[in-house]
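Visitor: If you want the building blocks of each chain, they are given just below.
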Amino acid sequence: MYEGNTLISGQNEVEPIAATGILQSDAFLSNPLSETKPRYKTPCVVKTTISGDEIAIAPPADPDETTAPWLIKTTGDLDQLTNLPDNWDSYNSPSISSRLLMNAKNFLSSLEFENISPPRVVPVSGGGIQFEWQYGNRELEVEFVEERFVGYLKIVNDQPTGEGQFSISDYDSGRLLIKWLRPRQF
Amino acid sequence: MNDESDPYFIKILVPKNESLWRRIAESQIVKLEIGTYRPSSAAFKGIDISVDIASKSTPERSIKTSSGLAGFLAKVPITLGYQVIENPIPENPAHAIIKGKIRRGHARTIAKACQWVIEPRFT
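Protein chains in written order, with our numbering: chain F, 1 to 186; chain L, 1 to 123.
Everything labelled a hint here was simulated from the structure, so no lab data went into it.
Take these hints with a grain of salt, some might be off.
[Claimed, not checked] Derived lysine to aspartate or glutamate pairs resembling DMTMM-like cross-links, with alpha carbons at most 25 Å apart: (1) F/K73 with L/E86; (2) L/K56 with F/D170; (3) L/K112 with F/E139; (4) L/K112 with L/E86; (5) L/K64 with F/E163; (6) L/K99 with L/E33; (7) L/K31 with F/E139; (8) L/K112 with F/D158; (9) L/K101 with F/E163; (10) L/K31 with F/D170; (11) L/K64 with L/E119; (12) L/K99 with F/D170; (13) L/K31 with F/D172; (14) F/K105 with L/E86; (15) F/K154 with L/E91; (16) L/K75 with F/E163; (17) L/K99 with F/E163; (18) F/K73 with F/D170; (19) L/K31 with F/E132; (20) L/K64 with F/D158; (21) L/K99 with F/E146; (22) L/K101 with L/E60; (23) L/K31 with F/E163; (24) F/K179 with L/E33; (25) L/K101 with F/E139; (26) L/K112 with F/D170; (27) L/K64 with F/D170; (28) L/K99 with F/D79; (29) F/K154 with F/D86; (30) L/K101 with F/D86; (31) F/K154 with L/D48; (32) L/K112 with L/E33; (33) L/K64 with F/E146; (34) L/K16 with F/E147; (35) L/K99 with F/D77; (36) F/K73 with L/E26; (37) L/K56 with L/E33; (38) L/K56 with F/E146; (39) L/K31 with F/E147; (40) L/K75 with F/D158.
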């Protein structure tokens with residue numbers, strides 16, 4: 001909590017530099033007794049006044065937030081997809097739309113799991129993005145093909161066991177899928 | 001051209017025992033832990049996806065500039081409930097389509113059934 005211009009952590013007192021908000025001491029982050037659990041950005045959902053559509057928008061970067069290595073890797077892989085030209089698969093598939101790319105990035109940002117491995121990032125024929133994870137005998141495919149929905153497929157022992165879709169703003173469903181993928185982690 | 005909007009359209013179904021080929025882009029190839037490769041299911045998603053009828057083409061003609069050429073029997077999508085329809089076009093007389101929107105699980109099943117006709121080449 002802050003009192004005046006000083007952050008009170010219970011263990012340390014550190015003062016933010018007024019203009020930047022950057023902490024003058026990193027003791028707060030390195031102290032094992034302090035609350036060092038990484039916090040990741042969770043996208044917020046707004047409704048546009050014109051169309052009424054729900055759009056997920058990532059909040060501004062916060063210097064106090066930690067970005068997980070898998071998220072950095074996957075975001076880089078996603079950015080690579082923007083280099084795909086039209087007809088990238090020789091079947092007239094269009095290049096990846098910026099809206100689908102934004103949906104995929106916001107989905108990833110909503111997964112607050114430090115130890116998750118980076119998914120394979122694969123372009124979908126017809127235009128879209130697919131993430132593929134595998135843990136043991138469980139696999140999960142998450143796709144962004146429609147602008148308002150996230151599609152998924154669960155696979156156990158190489159056999160599809162369930163598929164469906166949910167709203168792009170339903171981040172809890174995304175987290176539940178990851179819990180399904182790694183049940184022993186929770 | 002075999003077009004369903006044509007009043008003289010005749011739907012010719014591809015038989016179950018025919019081999020079908022689909023080009024696989026490099027970005028859609030999955031490397032397995034054992035060091036081999038398979039096509040991602042993402043290569044088989046969509047509506048009315050295109051394939052070549054193997055008996056009417058050659059691997060060299062079908063692959064064009066893609067990384068790999070995957071083959072599977074027509075009975076795979078047919079058993080899943082899809083029709084495979086001949087759809088010759090001027091630039092590709094071997095062209096056919098798997099009719100309808102491929103479900104996610106079915107795309108995965110087709111991908112798993114594939115064997116490489118031409119192994120993937122990587123840039």
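Visitor: Measure nothing beyond the straight line between the CA atoms of L/K112 and L/E33; if it is 25 Å or shorter, mark the hint as holding.
Guide: The given pair, whose Cα atoms are some 15 Å apart, holds under the 25 Å limit.
Visitor: Would you check the hint for L/K99 and F/E146, treating anything up to 25 Å between C-alpha atoms as holding?
Guide: holds (20 Å)
Visitor: Against the 25 Å threshold, does the CA-CA distance of L/K75 and F/D158 hold or violate the hint?
Guide: holds (19 Å)
Visitor: What's the verdict on L/K31 and F/D172, does the C-alpha distance respect the 25 Å limit or exceed it?
Guide: violated (30 Å)
Visitor: Taken at face value, is the distance from the CA of F/D79 to the CA of L/K99 at most 25 Å?
Guide: Distance ~32 Å between L/K99 and F/D79 Cα, so the pair is violated.
Visitor: Is the straight-line distance between the alpha-carbon of L/K64 and that of F/D170 25 Å or less?
Guide: violated (41 Å)
Visitor: Does the alpha-carbon distance linking L/K56 and F/D170 stay inside the 25 Å limit?
Guide: violated (47 Å)
Visitor: So if I understand the rule, the pair passes when the alpha-carbon distance is 25 Å or less; does F/K73 with L/E86 pass?
Guide: It is violated: about 42 Å lies between the C-alpha atoms, which goes past 25 Å.
Visitor: F/K154 and L/E91 were given as a pair; does the straight-line alpha-carbon distance stay at or below 25 Å?
Guide: It is violated: about 38 Å lies between the C-alpha atoms, which goes past 25 Å.
Visitor: For the pair supplied as a hint, L/K112 and F/D170, is the alpha-carbon distance within the 25 Å limit?
Guide: Measuring from Cα to Cα gives roughly 30 Å; hence the hint is violated.
Visitor: For the pair supplied as a hint, F/K105 and L/E86, confirm whether the alpha-carbon distance does not exceed 25 Å.
Guide: violated (39 Å)
Visitor: Given the hint that L/K64 pairs with L/E119, does the C-alpha gap stay at or below 25 Å?
Guide: holds (13 Å)
The structure does not agree with the numbered hints 1, 2, 5, 6, 10, 12, 13, 14, 15, 20, 22, 26, 27, 28, 29, 33, 34, 35, 37, 38, 39 stated previously, though it agrees with the rest.
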